[in-house]
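**Student:** Protein chains in written order, with the working numbering: chain A, 339 to 444; chain B, 1464 to 1702.
If you are wondering where the hints come from, they were derived from the structure by calculation, not from laboratory data. Bear in mind that the values here come from a model prediction, so they are computed numbers and not experimental data. For glycine and all other residues, C-beta sits at the position ideal for the given N, C-alpha and C. Hints are supplied without guarantee of correctness; some may be wrong.
[Unchecked claim] Partial list, derived from the structure: chain A residues whose beta carbon lies under 8 Å from chain B:
{"id": "1", "residue": "Thr-410"}
{"id": "2", "residue": "Val-413"}
{"id": "3", "residue": "Arg-420"}
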Amino acid sequence: MITIGYILIGIGAFFYFLGGLGIFRMPDVYNRLQAGTKATTLGSFSVILGVGLVNLEFLPKALIIIAFIALTNPVGSSVLARAAYLKGIKPTDKTKVDEYKGGGNK
Amino acid sequence: MRRFISIVIVFGLIMFFINTLSLLPKYGSVNISKVSEAYIDKNVNGNGGNVKYNESESLENGAANVVTSIVVDYRSFDTLGEVTVLFTAALGVSLVLNGIRRKKYGRRPNFILRVSVGILLPLIILFGTYIFIHGHLTPGGGFPGGTIIAAGILLLYLSNEEFDLSKTPKFVEGISGSLYIVTGLVGLAIAGVFLINFLPTGIVGDLFSAGIVPIVYILIGFKVGAELSGIVADLHREG
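Extracted from the complex, chain A is given alone in its bound form:
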């Protein structure tokens, strides 16, 4: 159990690293938001679940924290992306499809 927990913590740290790298390397706001949110959501899930498995007393708390992150993190990033879009920030030139404007090619 403890080994699985440490493996999960390692996976979470790796996803945090990928999130940081994505924020650093991605070309525009939307890609950066996507990289940051996806990576940190998965990273937090595995780190917190790993801590819960290493120390079984924390497991119920860890599951509750995971539920709250699942409720708040995607909503926050979606609202940020929508605000950026409505403010008029253009996506990068490589973007092919704009579904918010009604789908189809750009």
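Got chain A sorted already, so can you dock chain B onto it with the hints?
**Tutor:** Then chain B, alone, in the frame of chain A:
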């Protein structure tokens, strides 16, 4: 050149941390004074009986959270001043932004935001309330709890175009601020010192312990929450 300088700075920081951390004493081999030993022996589960440190029956008036017993017990008058400072700030904001008509955005707030606020808002309010009710037991207290409640009010403003607090914050703020001073005056009448802890302190770790500390923290929580909600309302009206 910049890259070289940054590498040097990072290397220096790493060396600094390694050197400082190796200077720290090992875990368990610190020579602690009597007071900190008494704090380490404190039982937070509530079944250890009264805390005994020399003669005193309840160390620091029974609050498990040391910070709280200092902020709301020893230095309660100072906390009253802090609350007054926050009140003055809220007053300044509402004076500066007075008379500005509320702007309409002309489009409905985000569907995802509206739905999730319906789920999250009760939980956020519950969490803030928990934080300030348990201020004498766990980290937190009146100020963080009130801030969390004000954040919930901000979510409500963002997700609902029609929502308006109107006079409620000012009412709650006035009531709780006066009750704080009334608590101090009752202490003055009973024990002769303004804001003294006159209630029985109970067992460390119980919800009903630490005398007036939880009462004062609940009042501070309501006051801070109402003040910050008022600031949020004023700023949102300004758009």
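**Student:** Determine for every hint whether it applies to the structure shown.
**Tutor:** Each hint tested on the structure:
no.: 1; hint: Thr-410; in the structure: 7 Å, holds
no.: 2; hint: Val-413; in the structure: 4 Å, holds
no.: 3; hint: Arg-420; in the structure: 6 Å, holds
Every hint, counting from the list given before, is met by this structure.
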